[in-house]
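Peer 1: Residues per chain are reported as follows:
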Amino acid sequence: MTFTKPEQYRRDPKLVAELQAVINKIAQSEPLKNREVPVTIMEVCGTHTMSIYRYGLKDILPQNVRLISGPGCPVCVTTQSKLEQAIEIASLPDVIFCTFGDMLRVPSARGSLQDAMSEGAHVKMVHSPLEALDIAIANQDKQVVFFAIGFETTIPTTATTIELAREKGVENFSILCAHKTMPQAMRALLSSAVHVDALLCPGHVSAVTGASLFDFVAEELHKPAVVAGFEPADIMSAIAMLLNQIAKGESKLEIAYRRSVHWEGNAYALAVTDRVFEAADADWRGLGMIPDSGLDLRSAYKDMDAAQSFKIYDTHRSEDSACRCGEVLRGEITPDACPLMGDICSPLSPVGACMVSSEGSCAAYYKYGRK
Amino acid sequence: MTIKDNDKILLAHGSGGRLYHQLVEDVFLPHFQNPMLADLGDSAICPFVGDKLAMTTDSFVVQPLFFPGGNIGELAVCGTVNDLAMSGARPLYLSVGMIIEAGFAVSDLLRIVSAMAEKAAQAGVMIVTGDTKVVGAGQCDGIYINTAGVGVVEPDRDLSKRKMQVGDMIIVSGTLADHGIAVMAARENLALDPPIKSDAAPLNTLAEALLLAAPGIKVMRDPTRGGVATTLNEWAQGSDLGILLNEEAIPVAPEVASACELLGLDPLYVANEGKLLAVVPKEESEAALKALLAHPLGKNAAIIGSMTGEHSGKVYLSTPYGGLRMVDMLTGEQLPRIC
Amino acid sequence: MCLAIAGIISEINGDTAKINYGSITKEANLRLFPDLQVGDYVLVHAGFVIQQVSADEGEEIMELDKEIGLHDLY
Chain V
0 MTFTKPEQYR
10 RDPKLVAELQ
20 AVINKIAQSE
30 PLKNREVPVT
40 IMEVCGTHTM
50 SIYRYGLKDI
60 LPQNVRLISG
70 PGCPVCVTTQ
80 SKLEQAIEIA
90 SLPDVIFCTF
100 GDMLRVPSAR
110 GSLQDAMSEG
120 AHVKMVHSPL
130 EALDIAIANQ
140 DKQVVFFAIG
150 FETTIPTTAT
160 TIELAREKGV
170 ENFSILCAHK
180 TMPQAMRALL
190 SSAVHVDALL
200 CPGHVSAVTG
210 ASLFDFVAEE
220 LHKPAVVAGF
230 EPADIMSAIA
240 MLLNQIAKGE
250 SKLEIAYRRS
260 VHWEGNAYAL
270 AVTDRVFEAA
280 DADWRGLGMI
290 PDSGLDLRSA
300 YKDMDAAQSF
310 KIYDTHRSED
320 SACRCGEVLR
330 GEITPDACPL
340 MGDICSPLSP
350 VGACMVSSEG
360 SCAAYYKYGR
370 K
Chain U
0 MTIKDNDKIL
10 LAHGSGGRLY
20 HQLVEDVFLP
30 HFQNPMLADL
40 GDSAICPFVG
50 DKLAMTTDSF
60 VVQPLFFPGG
70 NIGELAVCGT
80 VNDLAMSGAR
90 PLYLSVGMII
100 EAGFAVSDLL
110 RIVSAMAEKA
120 AQAGVMIVTG
130 DTKVVGAGQC
140 DGIYINTAGV
150 GVVEPDRDLS
160 KRKMQVGDMI
170 IVSGTLADHG
180 IAVMAARENL
190 ALDPPIKSDA
200 APLNTLAEAL
210 LLAAPGIKVM
220 RDPTRGGVAT
230 TLNEWAQGSD
240 LGILLNEEAI
250 PVAPEVASAC
260 ELLGLDPLYV
270 ANEGKLLAVV
280 PKEESEAALK
290 ALLAHPLGKN
300 AAIIGSMTGE
310 HSGKVYLSTP
320 YGGLRMVDML
330 TGEQLPRIC
Chain Z
0 MCLAIAGIIS
10 EINGDTAKIN
20 YGSITKEANL
30 RLFPDLQVGD
40 YVLVHAGFVI
50 QQVSADEGEE
60 IMELDKEIGL
70 HDLY
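Residue numbers (numbering that gives the first Met the number 0), protein chains in the order written: chain V, 0 to 370; chain U, 0 to 338; chain Z, 0 to 73.
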């Protein structure tokens, strides 16, 4: 059976051009026209960063509208000490360490997971935690560990896999939990972010949790927020909605991504997450410790916690204190103002999250912005 | 006593004695039939007409050995034939060196060898000499193959990226990323339905057709590892010129586009084994395109961009939305992403 | 941060479904979104269906157009 994907229309260049005209019109009207500084919209989702970059959307926005990237990449905000913990577990004999492809090349003081592979660690790339569970079932003589990375979109998939492992009586499967949740980190970042005018909210996190997760942006932080999808027209219409709000002095939470996002989320996903995990403090690379921004397995499932099983713990070692990712992420400084830029911090030897992601603000500046 | 389909390769098959000769007689000679090989001399004595020889070599260690649309044997022949063809040479003779793991199934070896024979025949080249070693179980991944090839260079041909100029057009001979996705799908056990097939093919006749239609061609290459993006970056780097691609013109089969989307991969960086990329003068570009489209291996050929005087040393792409993005050089292989 | 792709359910077998993404079919797990039918349009992430997608694009566009003022341009 073949069909034209219904969201193809959200890729239509004509529609995008029309939305561009709308955005220009709003940007050239009062009061936006007379602002001294450009309107700054922050997106907090790695996939938004990717889409904006991939479609070249920054090039077609007016001069007085600026897009910046927040800490939306779960890979980039994984600390070096967590990665080192992962590498130590992966390097144990009789362990098969399963991870998403995204994590394979992120560097730490011990190198990357891919480097560990060349030194004999059995690391397997997977596209789903279910694959890791299947590997455990097929390899009873090995301990299989799944590197659980990701935000609220991915968390329920790990939680379901944990329950499935229990149901099937699988005893050689465990997870190294590095999951993080968005709201506390966003609060920590944005409550002092005077330079950020509005927020483009993650579309797929919202599809799972419900858009109401981001109520606090409008209600507590008093900033306009729109939940956006990932096709070019999705992002452009969300930007138009944000500009409309700013022009009218409003700060509401709206949903642009209506085909997939509602105020209430996926109840099954939220329920399984709650059954399996509880909130915990977490370290964010470049931002430090943020309370209640991570997850731990509940005591009923603690036997599937790899750190406990192997007694290999996160050292929580502090990272380079000269790292200014926090200020970059808050839009307070631009990448070129960071003293570590270029000499000490580069894509091949990144210090903070902004450089780890190939589309992070600092990585992008390093590639395209430097003269 | 002949080698049978359900036999396994033994260490003795590599040690030059009776079993080694059995292997040559029963497996290699029947498939790679030609008088030079049949002589089984220490060297193959091969006639050619010309002044300059092009020579190349490549080793093949792909995993898995068998994937939709082909196997390591196909790649071993096409890879070397194509390297010669892309330099403007007429490929003539190949050597084949194999390192086989003890315990390897003869039936698998036969599949590989007959694929090699088929591609060699398609390319019109002869496999004239070879060598086989067998290593202990666990000492290699099934089979490693090296091929070396020689060809004759036409006297007036001089293909080089130094000749590129502003205004030259960039042409690709067909859809991108077919091979890389086929192998990735097989390697990762991705059950794609329908399966995507590798495009491995010998490009020498296609290259000849192109050279005939566009004698002013500057440079060409088959964009294998790292895909079109890597080849274009290698051409642009160090030069005064930049490259601008038109995203809407880049041909990608719909199922490959879907697979790339599912895996979070960019088709520009995925390997091709049966496509060529060429830089031709603007005035010859229409003729070049026609010649490619008329050839069985050149369906879906397209002009995808041009050489510019801007952003020297870099490759950019214009999106359908009026934006620009840089197509950077990758460090290492592109990895699927989920986050 | 979440690469989720939209496709149509072409077959359901208990907890798993075959999802058609246009020119490719791949399996996904339904434990996070049971009560679906063949023909439903869904979002898939990390091997699981995470949400249903409304296929009525016309409605979405019209609503947004009104709010954004797309037609006030003309």
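I should point out that these hints are in silico values taken from the structure, not numbers from a laboratory.
For clarity, every value in this text was computed on a predicted model and none was experimentally measured.
Ideal placement from N, C-alpha and C gives every residue a C-beta, glycine not left out.
A portion of the hints provided could be inaccurate.
[Said to hold, decoys possible] Restricting the straight-line Cα-Cα distance to at most 27 Å, the calculated cross-link-like pairs of lysine-lysine (BS3-like) are:
id, chain 1, residue 1, chain 2, residue 2
1, Z, Lys17, V, Lys123
2, V, Lys310, V, Lys141
3, Z, Lys65, V, Lys167
4, V, Lys32, V, Lys310
[Stated by the list, open to error] Where chain U lies over chain V, by a calculated footprint (3+ residues, C-beta under 8 Å):
id, stretch
5, 57-64
6, 256-263
Peer 1: Each hint: holds or not?
Peer 2: Okay, the hints, checked on the actual structure:
1. Z:Lys17 / V:Lys123: Roughly 24 Å separates the two Cα atoms, so the pair holds.
2. V:Lys310 / V:Lys141: holds (17 Å)
3. Z:Lys65 / V:Lys167: violated (51 Å)
4. V:Lys32 / V:Lys310: violated (59 Å)
5. 57-64: Since three or more residues must qualify, the claim that chain U covers the stretch 57-64 of chain V holds, with 3 doing so at under 8 Å.
6. 256-263: Per the Cβ count (0), the hint is violated.
The structure does not agree with the numbered hints 3, 4 and 6 stated previously, though it agrees with the rest.
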